[in-house]
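A.B. asks: With chain A held as given, fit chain B onto it using these hints.
Those protein sequence lines, which keep their order, are chains A and B.
Take the first sequence: its letters are residues 3 to 122, numbered as in the numbering used here.
Take the second sequence: its letters are residues 1068 to 1619, numbered as in the numbering used here.
Straight-line Cα separation of at most 27 Å, DSS-like style, residue types lysine-lysine; simulated pairs:
(1) K1312(B) / K1232(B)
(2) K1164(B) / K105(A)
(3) K1164(B) / K57(A)
(4) K1609(B) / K1514(B)
Note that these hints are calculated values from the structure, not bench results.
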Amino acid sequence: MSKAFTPSAAKPGVITANDLREGHNVWMCEDGWTDDPAEATLFEDEAIAELALLKAIGQANLVVGPYIVEARRGPDGPEPTHFREAFRQRGPSNYFHGIQARKSANPQQANPQQSEPAHV
Amino acid sequence: MFDARPVDTDYVRHRAAQFRAQVARRLDGSLTEDEFRPLRLMNGVYLQLHAYMLRVAIPYGTISPDQMRMLAHLAQHYDKGYGHWTTRQNIQFNWPKLVDIPDMLDLLASVGMHAIQTSGNTIRNVTTDAFAGAAVDEVADPRPYAELLRSWSTDHAEFQFLPRKFKIAISGGAKDRAIVAAHDIGLRLVTRDGQTGFEVWIGGGLGRTPLLGQVVRDFLPEEDLLPYVEAIIATYNLSGRRDNKYKARIKITVSERGLDVMRAEIEDEFARRRRDFHGADREALAVFRDRFAPPSFRNAPEGDYEAERAKSAGFRSWTDTNLHPHRVDGYASVIVTFKAPGATPGDASAEQMRLLANLAERYGHADLRVSHDQNVVLPHVHKSDLPALYAALRDAGLATANAGLTSDIVACPGMDYCTLATARSIPIAQEIAEHFREQGLEDEIGKLNIRISGCINACGHHHLGHIGILGLDRAGVENYQITLGGDGYDIPAIGQRAGAGFPAEEVVPAIDRLLRAYLEIREDVSERFIDAYRRLGPAPFKAALYPEAAHA
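For reference, chain B alone in the conformation it holds in the complex:
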């Protein structure tokens, strides 16, 4: 089992104590709000539509049962009983009082957690595949490298004032499950001539200017990871625009200056910086490798697993959809979706968090992952334990068999919480999920990725949804644009806008027409929505969305 307290606890406690003193100065009038705002943002504290919000880092989504219990404690005692998994594998608390946040940070520090670099123009949480260390197609476990990047980037003196925020994703599988093409830096573990290394992507990002990343280095030996990443960010730090925050991300720098120009500068910088790395990073990596050593897997028969599948339709359905293949015989990775029809995507109650902590200890080698599609994964479960695990999850309303299906919707908090939002996301997600469950169409539709954002900043990654929904304010009324053909995984693609937006009450009927048209025109059940879209192009799908235009 990995050691879940990677952070120097004394240092995190010191940071929490500093923040307590700054809050006291704000309350006694020594600091104005303008002076205090950057200090609170450096500690993950935002002011949102109804209240303060605290974003807590979950490095690469990996969390221990003790840490999960602490999140439950915070949800129960300092919030309104729940927290929200974000699309960057973090958690947000929606209702903390400013006066309580120093206590919350102290409690987080006691389990090695914090909110450092969850905001601001810094290197944010390094994200990865929720199945890291478990997936059958894995080239190498990305977590030791993610931890190397995390520890190197935390309070990196040179990179505390970048032109804009900076997001790194790292994927270890033969299939990308970390959306590397939509990150400022995307890293894919690959092997060449028996050597492990990275395919390095730069310049991806969504938001108001969605761009897919490009490969800046097709093979970087793994020992050069830190000097090369440092060279990329140093180059961007000097050439990234600072005159306009909407043009300050590295995606704009790469697109305006050109990949070749950037590559040449990065390689020059890399040659210089590499000399300054004397092996400490290699020693650290060796320590991290030990920390992420695999658990002691059981070599045992699968028990009642197949018998239970034959007997129970519910269990069979859940195991068909919510398991991911494991590299060890007899094991599976379990996806616990927080997407029950009617639920808020990604919201977890304190009771659910505690249950997951207990179940991870009992059945999952004490390992938990928060996935970027706002679910929780138990990466290592022996198949003989699946019937008992399923029963416990089902009793808590956490066994919805919908991973990767229509109702497994990714949605940002939208205007129900967020001060930047232009429309709500959550009710649209709830209505779509409920509608297709009621219609009984979800299994027939099969694999489908719907993503919803409540503004153009695109926290719901709507551009990457097979169906994307973007909420806007059109003359004082919520209005929703639909994009089609996005994909964050197999063949990265930015979804294209289908046409005019829909009022809120017309979104579900529009998606219903769209998916019924898909069922009519697909070749067979194995052809997913995105496959049919790629084969046929947008025309038949636009015709379903806009029947009047098609008949005009």
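Same shape as in the complex, but just chain A:
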């Protein structure tokens, strides 16, 4: 697990967790939770982030294990700064499963280069 992280303007962060019922990774966004990390709310203020984390903890009927983790501002939304979060945002490297597959199921976000590999 990541150590507790405190966001600031120089080092912003996002709040992430797992969906309680299904288990997939989710990120806190303006109107709730999203499985698209690019839509995540980027927190640059410690107090606002902590308040949001308390709200997330209060939504134990929706999510499991919420935490704040460092992210950086990217052209399409928040991006991970550590490979662990990058894997959480993508999925495993041996199969096209996880968030990467959820995204491609949405045609607007599909990457035509990637397809479901056969299991060998």
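C.D. replies: Positioned in the frame of chain A, the structure of chain B alone reads:
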């Protein structure tokens, strides 16, 4: 054929129903996650990097075709079409939804399977040799004893809250094939003066403090198995540390308190507890012996076996590497590796599971074993059936002739799945396997055991690899330490760190240098990598890994 439903099905169904009710309470808000977590872990449900994970017990790796078909059904309908054989002879499903897991447990219960004690500080799955009941060098079949330990340890009231998890391995062969030295309790079946008994090891384990076990009793008559094992665990339960989870395994208890102190306490406890065993364990063992009675072996000629070997290079190569000698003439044990180059070590698709179930019924006396090196063994195949079996496996991509070779790599799920991991394991395994297949060096290198873990908890048993690879996070980048000289079998040894770690892209070139150096310096083809390492020591191998340091 053995009866594959050892578990009281009503009891397992009851446990599944209990879990269904606890999941409902979690979903309706009656339970917080902190309250629910121990309940889900008691049923093998973890929360991993991308999803929940369900670990299902395969007691001592022994599984029937019907049970295998049920695993295939779960993989297909509740996961993403595959499951993962673990290094403790279990299976893990990587993508179940919490809301589906009660249904999965009900289905498992219908074939006598469950996820009880696949997590938590309890006695975990008892593991053994995948060739049990078949191996030519066997002192006695370890499975009746493994089943005795399993049934005794399941929900054992005294041992549901041990200082830490507890792993038992039992080996029946003259050669150890269960890695007894790396377990909390390791048991080796031996005979003395015509009597069957156990050499008892305690205090082995890997993880962040790798230690080999020590012999606490050099001969334990087999009828004393349960009272003695109970005495060991009771002693540990009282003296094992509970202040620090990293110092709570029995290996630390033995190392801090000393083997002699532990032995004296165990023997005292044994003398007391033995009086409380009135023979029920002996009666149970007799039942289990009947259940594991050998199948009706055929006394038949070997048919086209040798002719096919002479004719087909592929079949010859596969039979050279993937068979293990059987105690009955005309038979062999077949190792089906889940290590095709590019494949994820230990991943099996639903189709492959179904095929194995069918082939076991057709050619293998309906017996299947999951091995701790993440392969599947058909323990009893008549040699006349090997050509047909090979053809069926080959058509499904399951006839890679690599058992015990470079690409037969043991690897934990690493950071592709595991929330504890510090780096990935699977891509490193895939790259090494593909590289040496492409180079055509695998046959020349011969027997080699590469093991990869994605963190210091060492589920990939990297310390026991002839070459071990440990994935770490070094300043936000994946980095891989290499250990040399480990061995879980012939001469148990913990591999020693060779030097500084390598970035991911430099691991394959480093292993390539290492193995080419080995080919240069070995005495002849019969000298395995580990033998050459033992003869020459680490220096020439370190020089190959770190050529710049050697020339500095």
